[in-house]
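2 protein chains.
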Amino acid sequence: MATHLETLETPVPIVDLDRLTHNLDRMAAYATLHDLRLRPHVKTHKSPRIATEQLQRGAVGLTCATTQELEVMAEVCDDLLFAYPPVGAARLERLMRLPEHVRLTVAVDHVDSLPALGMAARLGRRDVEVYVEVDVGMKRVGVPSSAAAVALARAVRETDGLDFAGITFYPGHVREPVDEQGRGIAQLSAALAELQEALLDAGLAPRVISGGSTPLAWRIHEVAGVTEVRPGTYVYNDRTTAAINACDWDDCALTVLATVVSTAVPGQAVVDAGTKALAREPLRGDGDGWAAVLDRPEVVVTRMSEEHGVLDLSHSDWRPRVGDRVRLVPNHVCIVVQQFDEVVGVRGDWVETSWPVAARGRGAIALTQDSGPRRPRIA
Amino acid sequence: MATHLETLETPVPIVDLDRLTHNLDRMAAYATLHDLRLRPHVKTHKSPRIATEQLQRGAVGLTCATTQELEVMAEVCDDLLFAYPPVGAARLERLMRLPEHVRLTVAVDHVDSLPALGMAARLGRRDVEVYVEVDVGMKRVGVPSSAAAVALARAVRETDGLDFAGITFYPGHVREPVDEQGRGIAQLSAALAELQEALLDAGLAPRVISGGSTPLAWRIHEVAGVTEVRPGTYVYNDRTTAAINACDWDDCALTVLATVVSTAVPGQAVVDAGTKALAREPLRGDGDGWAAVLDRPEVVVTRMSEEHGVLDLSHSDWRPRVGDRVRLVPNHVCIVVQQFDEVVGVRGDWVETSWPVAARGRGAIALTQDSGPRRPRIA
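Residue numbers (the working numbering), protein chains in the order written: chain A, 97 to 475; chain L, 97 to 475.
If we strip away everything but chain A, and leave its shape as in the complex, we get (with noise of 0.2 Å):
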């Protein structure tokens, strides 16, 4: 017995599971080309179904950035980085209790950070793995110069516990093409071997240069010395990674299923995916809109409150009607993703199977009192 796609309730994630493995397949074979390892960032699907079949095509580990996808992915892999800085009691506890079969690369961007990060390592008794992570101009976390990260890295490898592993940066505001010239990425790539020479004059050779983002992707072996990526939005892709031309149209995997459930005002159609469905993410790239219509991109929800989408049909002729179903490709897919508690796998029309996403949300809260059988008063 098959579920066909029309007898779900919407609003659904829908995968289009051929386009996934092709996703899949293509991120894979670009890795080997480069010969860069690839270290996928889970951020995107939070499922260790998904991550499975990653490290199946030959990913070396996998990229998390919350200790709930830490405990959650290391069910199916022995090679974690947490590309997050490791502050505070609670998260490096979390941290250190993940299971011993885990390699545990850690992300540090501060010194501040280390003799706590340390201490952890030598209480919890593992050895954990140290980048010192660079800031290439996203102005976000990362120390600012080469002389501040050979300053890191050689504090790292003072702190007994901790391992100087490499290099990590994160290029998320590079878009190519910049202009003509692809200036991006040849900035980018110089900012790099300046650092690596640095590194290498303190006696700090990096074993790993990792850099990251789908947008990127198919270029990072144009960056001088990197030797792992860790892409996250490939697998799904979604309206701005088209918008930027890091993917075809085509390759947008997963799509909300979205049922149209108001044409009461002229113009537009009301679908039932909202902000708590698609979420509120601005489209990069030319194009308004908070997503568009699979097989009539010219349609975009223009308006959205929490449960509502308003379709603008003001450049297209098609007037649906209420019941008429219609497939979303949202501007940011691993916002959606994070909605939802359950993703549905499909070929064509026809539902072939669904996964949970796992690895969502925080993990339980642990408190130290006890509640008992009486809940404490709210209010």
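Because the hints were derived from the structure by calculation, they are not lab data.
Predicted, not measured: the structure shown is a model, and the values here were computed from it.
It is possible that some hints are incorrect.
Here are the simulated EDC-like cross-link-like pairs (lysine to aspartate or glutamate), alpha carbons at most 20 Å apart as the crow flies [unchecked claim]:
{"#": "1", "chain 1": "L", "residue 1": "Lys235", "chain 2": "L", "residue 2": "Glu290"}
{"#": "2", "chain 1": "A", "residue 1": "Lys235", "chain 2": "L", "residue 2": "Glu402"}
{"#": "3", "chain 1": "A", "residue 1": "Lys235", "chain 2": "L", "residue 2": "Asp408"}
Cβ-to-Cβ under 7 Å is the rule here; a few derived chain L residues that face chain A [to be verified]:
{"#": "4", "residue": "Ala161"}
{"#": "5", "residue": "Arg187"}
{"#": "6", "residue": "Asp205"}
{"#": "7", "residue": "Lys235"}
{"#": "8", "residue": "Thr371"}
{"#": "9", "residue": "Cys430"}
We put the beta carbon where it would ideally sit given N, CA and C, even for glycine.
Given chain A, put chain L in place with the hints provided.
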């Protein structure tokens, strides 16, 4: 044994229980004072525990926007309004399978919805009360005129299994004070008075006139004929509610506790609350940014990525260190709650309880296929 706030891993949504109590009491008193039936919208808290507090303070029932909310709230309430178009077979079947004790009211804005809704009500052996949804200027859902409302109400009355109960409208676009004359409310009131007269002339006297929205909540009694109110946000409030003067800053009960994880870039501090904690919702009213620090409202989150929020320090002398913690007031609290599985209740700096966001998500996806022990191939 009690838990201090400092021991919690961040980001985590925390609710000041004293403020929550104040907010619950104040709205209940307002409804009593003006002889309004209070039917709070659960979209904000999605929690049967808080719904119970609302019912204990005299709420006549609850308002829901999703079938998941209806199912969860049926555990604590026997009078539920589905303030959403009842479109789609899966949604209708879930509606009709609610426990028998639930008195169900559904909002409808199109005659095309009635055949399927009536059929489902008759086969599901339950009487369904119907509110006719009227657009009062929001341009989202709702019939556009009094004549259309009368026609739809008549069609409801003529459908077996359905009972015309009243009128519902959502004045989410109306803000007060619009100007010194309070014109927004005056116009709304005039439109509703005309509608009620048209219904009476047609022999379709509404038993209920149901209006909504926290922004207008404290003045909804000024709107002609309103008998029922459906505010949601008031339990927690947020930066927008304060910015439009629908609450005081000190009435903001829910904040996101976050930790400073990087100060590497001068003039800013990075916290561990990004779009997957705060969501990216614009502030309505004066002001920029995505969230503000509770006790330093001049410090706002100006940039975000999925797990990072950038605090702009340019309007403050405050220079936080890595590891410092802040309580962030989000622009739109309903979307923040949706990001988390649990909320923590605090008094001062001490944790007193926690509760699940039980009605978040969409519920398990019912597939007719037999997945069996061997999971279908994903890719």
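For Lys235 of chain A and Glu402 of chain L, compute the direct alpha-carbon distance and say whether it is at most 20 Å. holds (15 Å)
Against chain A, is Cys430 of chain L within 7 Å by beta-carbon distance? holds (6 Å)
With a cut-off of 7 Å on the beta carbons, see whether Thr371 of chain L makes it to chain A. Since chain A brings a Cβ to about 6 Å from Thr371 of chain L, closer than 7 Å, the hint holds.
Min Cβ distance, Asp205 of chain L to chain A: is it shorter than 7 Å? Holds: closest Cβ of chain A sits about 5 Å from Asp205 of chain L, inside 7 Å.
Is the shortest C-beta separation between Ala161 of chain L and chain A less than 7 Å? Holds. Min distance 5 Å.
Should the hint that Lys235 of chain L touches chain A count as held when the rule is a Cβ pair under 7 Å? Where the cut-off is 7 Å and the nearest Cβ of chain A is about 5 Å from Lys235 of chain L, the hint holds.
Distance restraint between Lys235 of chain A and Asp408 of chain L, which requires alpha-carbon spacing of 20 Å or less: holds (12 Å)
Do the alpha carbons of Lys235 of chain L and Glu290 of chain L lie within 20 Å of each other, as the hint requires? This hinted pair holds, its Cα atoms lying about 19 Å apart.
Minimum beta-carbon distance criterion (7 Å), Arg187 of chain L to chain A: Interface hint status for Arg187 of chain L: holds (6 Å vs cutoff 7 Å).
Checked against the numbered hints listed earlier, the structure breaks none of them; every hint is satisfied.
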